[in-house]
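Just need the whole structure built from these sequences, with the hints factored in.
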Amino acid sequence: MNKKIKFRVNGKRHEVEVPTNRMLIDCLRYDLGLTGTKEGCSVGVCGACTVLMDGDMISSCLTLAVMADGHELTTVEGLAKDGELNPVQKSFIQYGGFQCGICTPGQVVAATALLKENPKPNEDEIKDWMMGNLCRCTGYYKIIESIQKAHQFAK
Amino acid sequence: MIPFEYRTPKSLKEVHATLKEFGGDAKLLAGGTALVIMMKQRLVRPTCLVSLSAVRGLNGIEIKDGGLSIGGLATHRAVESSALVRRRLPMLAETYHHVATLRIRNMATVGGGLAHADPNQDPPPSLIALGATVKATSATGSRTLALDEFFKDYYETLLNPDEIITEVIVPKQAPNTGAAYIKFLPRTADDYATVSAAAVLTLDKTMKTIADVRIALGSVGVTPVRATAAEAVLRGQPLKAEAFAEAGEQAKQAVDPVSDFRGSAAYKTDMAAVFVRRALEKALADIRQQAKAKAAPKPKPAVKKAVKKGKRR
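Residue numbers (our numbering), protein chains in the order written: chain A, 1 to 155; chain B, 1001 to 1313.
Just so you know, not all the hints are guaranteed correct.
To be verified - Listing some non-contacts, in silico: residues in chain B with all C-beta distances to chain A over 12 Å:
{"no.": "1", "residue": "K1135"}
{"no.": "2", "residue": "T1188"}
{"no.": "3", "residue": "A1232"}
As the list claims (entries may be wrong) - DMTMM-like cross-link-like pairs, simulated, lysine to aspartate or glutamate; straight-line CA separation at most 25 Å:
{"no.": "4", "chain 1": "B", "residue 1": "K1135", "chain 2": "B", "residue 2": "E1249"}
{"no.": "5", "chain 1": "A", "residue 1": "K4", "chain 2": "B", "residue 2": "E1021"}
{"no.": "6", "chain 1": "A", "residue 1": "K3", "chain 2": "B", "residue 2": "E1062"}
{"no.": "7", "chain 1": "A", "residue 1": "K142", "chain 2": "A", "residue 2": "E123"}
{"no.": "8", "chain 1": "B", "residue 1": "K1040", "chain 2": "A", "residue 2": "D26"}
Stated by the list, open to error - What follows is a set of in silico ranges between Cβ atoms, one per label pair, in the way DEER data are often shown:
{"no.": "9", "chain 1": "A", "residue 1": "R13", "chain 2": "B", "residue 2": "D1025", "range": "53 to 61 Å"}
{"no.": "10", "chain 1": "A", "residue 1": "T35", "chain 2": "B", "residue 2": "D1256", "range": "45 to 53 Å"}
{"no.": "11", "chain 1": "B", "residue 1": "P1161", "chain 2": "A", "residue 2": "N122", "range": "46 to 54 Å"}
{"no.": "12", "chain 1": "B", "residue 1": "A1291", "chain 2": "A", "residue 2": "T35", "range": "56 to 64 Å"}
{"no.": "13", "chain 1": "B", "residue 1": "P1186", "chain 2": "A", "residue 2": "R13", "range": "45 to 53 Å"}
{"no.": "14", "chain 1": "B", "residue 1": "S1011", "chain 2": "A", "residue 2": "D54", "range": "16 to 24 Å"}
{"no.": "15", "chain 1": "A", "residue 1": "K120", "chain 2": "B", "residue 2": "P1186", "range": "31 to 39 Å"}
{"no.": "16", "chain 1": "A", "residue 1": "D54", "chain 2": "B", "residue 2": "D1191", "range": "24 to 32 Å"}
{"no.": "17", "chain 1": "A", "residue 1": "A80", "chain 2": "B", "residue 2": "R1087", "range": "37 to 45 Å"}
{"no.": "18", "chain 1": "A", "residue 1": "F153", "chain 2": "B", "residue 2": "L1043", "range": "57 to 65 Å"}
{"no.": "19", "chain 1": "B", "residue 1": "D1270", "chain 2": "A", "residue 2": "G83", "range": "55 to 63 Å"}
{"no.": "20", "chain 1": "B", "residue 1": "T1206", "chain 2": "A", "residue 2": "Y141", "range": "46 to 54 Å"}
{"no.": "21", "chain 1": "B", "residue 1": "A1229", "chain 2": "A", "residue 2": "K4", "range": "52 to 60 Å"}
Simulated from the structure, these hints should not be mistaken for laboratory data. Glycine included, every Cβ here is placed at the ideal spot set by N, Cα and C.
In structure tokens, the structure reads:
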């Protein structure tokens, strides 16, 4: 059973016909070709599939594509503006906020949502917010440092 | 996941009509954080998902008869960040903050969580201890169900398939009441509890006698449980530290945990006693802190930081 959905992804309008049982992450990756968003655990625990829906972070592996109908989504591909990386991305590069990289898109999207609400979070606030973004390389210290220093790159 | 119809009715009336059309094979969808996983695992195979996302007016959080009225479609995030809840019942805001991760709390709804009825959830013990009720609405009308009788078995409630939780009502708490929810998490911060306990304690005017108390536990049985034997030890009794430990011992009667990777049944039973005692101590500290804040000349606002209010989707 298919359904036509309309939504904006990274500012661009899309209209796609999806099977009702298509997950949002699969729709993003396979229907729209936005492969930056990764699938880790598939049950909403690891945070690799984090995207923003109307500015709030959600697990795209737990969300049906049809549930995104009419909403505004931001994926990791939508963070850079006019070819310029956003402050979180710059900070992750500067301070080495990743190792193997598989969790990075989720980490960066989640941290971007955090900084929007709280531009200079302290360590506890970062840990509380980022709790559901797992890094199996255990590179947490550098991730926290990158987020804490991201405000330096804000204009 | 097997294919299914997907409907987005725009009113409760349309929701009920759609449910009727598909009979028992339809499932209501709110945040989807629990249902979608169960569908992926093929534990649930609905022929139709009836999304509540287009139904307006069911996500409000407001004062009602001195207590709180929380719409069934309010998200966990909306409750934890509501200035009203944080001011009136900080323990409830804290409880919702303890649920899983922010991604889940942005999606999962108050009504959906209760209807899911997993005994490991955080909100049920707190809501039971606060004396909350739910309003269940069907095509023929509404009924009010006390939450301490709402959960029947693992993933089973009193709700009929055609009923929707439209409202959760937390009654006004008596003066000199303190509340606490604590969660034993030996593994990770976003895990289900090994044992969780909520206590709502009310002292009389003298502040030396326990006028009333309600205690509930999570993760220690097939449903969240109210520990009535533990409450009986305290109700009407003089306030004494040893009594809290005795209540904890009595709480063991109410629990029937299973052994799993979060601990053996025997260990969880022992921890139930410990966590009930600690929850009572924390509830008492809450009463004393409120009294102190009242006595102070310039009370500081209870809300530490303004947090963005959860949005409707």
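Hint compliance check: list the failing hint numbers for this structure, sorted ascending. 2, 4, 6, 9, 18
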